[in-house]
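Take the sequences, apply the hints, and build the full model.
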Amino acid sequence: MFQQGFAVTATLEVRDLQTHFFTRAGVVKAVDGVSFTVERGKVLGLVGESGSGKSVTGFSIIGLVDAPGRVVGGSIWFQGKDLARLSEEEMRSLRGNRIAMIFQDPMMTLNPVLRVDTQMIETVQAHEQVDRETARQRARDALGMVGIPSPDERLMSYPHQFSGGMRQRVAIAIALLHRPDLIVADEPTTALDVTIQGQILAEVQKLAATTGTSLIWITHDLSVVAGLADDIAVMYAGRIVEDGPVSQVLDAPLHPYTVGLIGSVPSRNKRGEPLRQIPGMTPSLLKLPAGCAFRSRCERADEACLEHPALFGLREGQRARCFHPHLEEVPA
Amino acid sequence: MTVYLLRRLFQSLLVLVAMSLIVFVGVYAVGDPVEILISPDADQAERARAIVALGLDKPLWQQYLVFVQNALRGDLGRSFVYNEPALQLILQKMPATMELALGATVFAILVGLPLGLYAGLHPDSGGAKAIMAGSILGFSLPTFWVGLMLIMVFAVQLGWLPSTGRGDTLWGWSFLTPNGLSHLVLPSINLALFKISLVIRLTRSGVRETMLMDYVKFARAKGLSRNRVTYVHVFKNILIPVVTVVGLELGSTIAFSVVTESVFAWPGMGKLIIDSINVLDRPVIVAYLMIIVLMFIVINLVVDIMYSVLDPRVRLEGQG
Ligand SMILES: Nc1ncnc2c1ncn2[C@@H]1O[C@H](COP(=O)(O)OP(=O)(O)OP(=O)(O)O)[C@@H](O)[C@H]1O
Ligand code: SF4
Ligand SMILES: [Mg+2]
Numbered sequence: 001m002f003q004q005g006f007a008v009t010a011t012l013e014v015r016d017l018q019t020h021f022f023t024r025a026g027v028v029k030a031v032d033g034v035s036f037t038v039e040r041g042k043v044l045g046l047v048g049e050s051g052s053g054k055s056v057t058g059f060s061i062i063g064l065v066d067a068p069g070r071v072v073g074g075s076i077w078f079q080g081k082d083l084a085r086l087s088e089e090e091m092r093s094l095r096g097n098r099i100a101m102i103f104q105d106p107m108m109t110l111n112p113v114l115r116v117d118t119q120m121i122e123t124v125q126a127h128e129q130v131d132r133e134t135a136r137q138r139a140r141d142a143l144g145m146v147g148i149p150s151p152d153e154r155l156m157s158y159p160h161q162f163s164g165g166m167r168q169r170v171a172i173a174i175a176l177l178h179r180p181d182l183i184v185a186d187e188p189t190t191a192l193d194v195t196i197q198g199q200i201l202a203e204v205q206k207l208a209a210t211t212g213t214s215l216i217w218i219t220h221d222l223s224v225v226a227g228l229a230d231d232i233a234v235m236y237a238g239r240i241v242e243d244g245p246v247s248q249v250l251d252a253p254l255h256p257y258t259v260g261l262i263g264s265v266p267s268r269n270k271r272g273e274p275l276r277q278i279p280g281m282t283p284s285l286l287k288l289p290a291g292c293a294f295r296s297r298c299e300r301a302d303e304a305c306l307e308h309p310a311l312f313g314l315r316e317g318q319r320a321r322c323f324h325p326h327l328e329e330v331p332a
Numbered sequence: 001m002t003v004y005l006l007r008r009l010f011q012s013l014l015v016l017v018a019m020s021l022i023v024f025v026g027v028y029a030v031g032d033p034v035e036i037l038i039s040p041d042a043d044q045a046e047r048a049r050a051i052v053a054l055g056l057d058k059p060l061w062q063q064y065l066v067f068v069q070n071a072l073r074g075d076l077g078r079s080f081v082y083n084e085p086a087l088q089l090i091l092q093k094m095p096a097t098m099e100l101a102l103g104a105t106v107f108a109i110l111v112g113l114p115l116g117l118y119a120g121l122h123p124d125s126g127g128a129k130a131i132m133a134g135s136i137l138g139f140s141l142p143t144f145w146v147g148l149m150l151i152m153v154f155a156v157q158l159g160w161l162p163s164t165g166r167g168d169t170l171w172g173w174s175f176l177t178p179n180g181l182s183h184l185v186l187p188s189i190n191l192a193l194f195k196i197s198l199v200i201r202l203t204r205s206g207v208r209e210t211m212l213m214d215y216v217k218f219a220r221a222k223g224l225s226r227n228r229v230t231y232v233h234v235f236k237n238i239l240i241p242v243v244t245v246v247g248l249e250l251g252s253t254i255a256f257s258v259v260t261e262s263v264f265a266w267p268g269m270g271k272l273i274i275d276s277i278n279v280l281d282r283p284v285i286v287a288y289l290m291i292i293v294l295m296f297i298v299i300n301l302v303v304d305i306m307y308s309v310l311d312p313r314v315r316l317e318g319q320g
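So the protein lines, in turn, are chains A and B. Heads up: the first sequence begins at 1 in our numbering, then just goes up one per residue. Heads up: the second sequence begins at 1 in our numbering, then just goes up one per residue.
Since the hints were made in silico from the structure, they are not lab data. Please read these numbers as outputs of a predicted model, since none were measured by experiment. Hints are not guaranteed to be accurate.
List of simulated lysine to aspartate or glutamate pairs, EDC-like, C-alpha gap at most 20 Å [claimed, not checked]:
| id | chain 1 | residue 1 | chain 2 | residue 2 |
| --- | --- | --- | --- | --- |
| 1 | B | LYS217 | A | GLU89 |
| 2 | B | LYS217 | A | ASP117 |
| 3 | A | LYS81 | A | ASP16 |
Some chain A residues judged to face chain B by a derived CB distance under 10 Å, without partners named [claimed, not checked]:
| id | residue |
| --- | --- |
| 4 | ASP66 |
| 5 | LEU114 |
| 6 | SER247 |
| 7 | VAL265 |
| 8 | LEU327 |
We put the beta carbon where it would ideally sit given N, CA and C, even for glycine.
Written out as structure tokens, the structure reads:
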């Protein structure tokens, strides 16, 4: 999966990304050497427990890491440019235009005191010199595209007049206004109930397929990734511990952490078997143990794990960061 | 909205009645105006005549009922001192105090909002720290002292601005003439001092809170310019608390203009009330307090309405 050189088809290529927070308590290495590639029109699922660095990865790509955080190393190749080295104005012109982002909590993403039309029209006009009427037209079409009934009326509404699911659709419509090449979706359905989650997933998938938009779908819900993503990257304590094609990783996980994650998904558990929970908690990023960061929670840990494991390609397209991977289990 | 308004008006009426009782009884307890108003060498018969003429011979509750009866006809009693209707006396002085309070409010917003915005956007800069330190001074320095300093520096030493009176007026307003306007500047600044500090702190904390909101990050993720994010997305949200507080403060600014009016010999209601308290001119004191109460009620109502104009969420609830 990791390609040397620039793949022509890749929309995004992140290499050795490092994003650190310089806090009073010390340097928090929220993202510490993350690399992945997203091909055109493909969906990458970025999974991991809370605090593993998924959102910080997303914000690094779109250039919205706020102090005390900073991208301190690596490169983010997008359309032949390294986003980590663009000026603020160059980055602004890409944001919401070629790269869009959707946030987790739809109740908080829209400005409560501005009408929906204002918030959509300003997005159109931030990147294209069109008059208000044209911009409004575009906004209306986008609302229609994400399945919002009577978009003309809805444009005149304020966010609090929408339900959570409808607000998330509005946010998605805003993200789609400029038909971006890449959408970073940070747990956009987590706050919604299951039915609405399903509807939105189906629509996003359809849209991505028809427009050729690539997606990074951040979630800690493996069942969402299973149905949606082409590739998957599993993050733990700021690093990718396993990646590969989604079916392969989910059917035959290599890393003990991935195995644990899959074991804790109720629907994937075999009947009768008790639900396994990964023991322990994510270690504080300020006090990571030497060697493998998963060591304190891992059943397989031994002296070898006192060293820092590298990400090895262990099967076709599948890599894991582990000295004792689950290689014995043969994929079905 | 109409139901809401009616309910609010009814509440206001209750407040007004309660306040009139408190004010009346309170003023009665303060002292005996007879001692002050009637010359000490008047004889017994003269005293008695004067007391009857002022209505002070009747028991308190009768005096109150007479007061309410008259108040309902718009008559708040005649000043013992000027022998003029108290209400008319106060209303004559009202424009002076109003323009002083409004001038102070304008200063508070013109100075406080930009400074607060700057301090909120660059919290760690030296400028922001200086602004915050200054705002503490604004809160803690006594108004009369600052007033005297303003007079010393700008009127006496530099001679830039006049320090007493209203100057020329047009239709009873100073701000309509250049000379009157120059008279308005120093007292307005003096009265604004506390409010500038208030607006700075409100704006700063509002900006800092709002900057952390998801919708601000989303606005940036849409590729909006920094200015658009600051002046539309952030600013519109902080305007709500600032307008509310500045509006509510208008009442207390008018009430507390007493000190500034005394320092700058500004012939407003505040100066009138101080003089009236000195001679225990009860009708004027009562009328003044009633007008202040009425004003607070009206201001609260207006602020509520403005609030609902600014915040769509409140607007909807009001309709429901
Ligand atoms: N402003 C900040 N200051 C200090 N540390 C931060 C800051 N923002 C994030 N971090 C650190 O970065 C780490 C990763 O955070 P991130 O938000 O990316 O996690 P996440 O994987 O998205 O988790 P979640 O599933 O809860 O959203 C966290 O452990 C946190 O301690
Ligand atoms: S390297 Fe060792 S501790 Fe880390 S996951 Fe693999 S077996 Fe467990
Ligand atoms: Mg997150």
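Restraint status (C-alpha distance of B:LYS217 to A:GLU89 at most 20 Å): At roughly 16 Å apart (the allowed maximum being 20 Å), A:GLU89 and B:LYS217 satisfy the hint.
Closest C-beta approach of A:SER247 to chain B relative to 10 Å, hint status: 31 Å, violated
Interface hint compliance - A:LEU327 to chain B, C-beta minimum distance less than 10 Å: This interface hint is violated because 41 Å lies over the 10 Å limit.
Status of the hint placing A:ASP66 at chain B (closest C-beta pair under 10 Å): 8 Å, holds
Given hint A:LEU114 near chain B, where the shortest CB pair must fall under 10 Å: 7 Å, holds
Given pair status - A:ASP16, A:LYS81, alpha carbons within 20 Å: The given pair, whose Cα atoms are some 16 Å apart, holds under the 20 Å limit.
Proposed proximity, A:ASP117 with B:LYS217 (alpha carbon, max 20 Å): 18 Å, holds
Proposed interface contact between A:VAL265 and chain B, which counts if any beta carbon pair is under 10 Å: With a minimum Cβ separation of about 28 Å from chain B (threshold 10 Å), the hint on A:VAL265 is violated.
Comparing the model with each numbered hint stated earlier shows that hints 6, 7, 8 do not hold.
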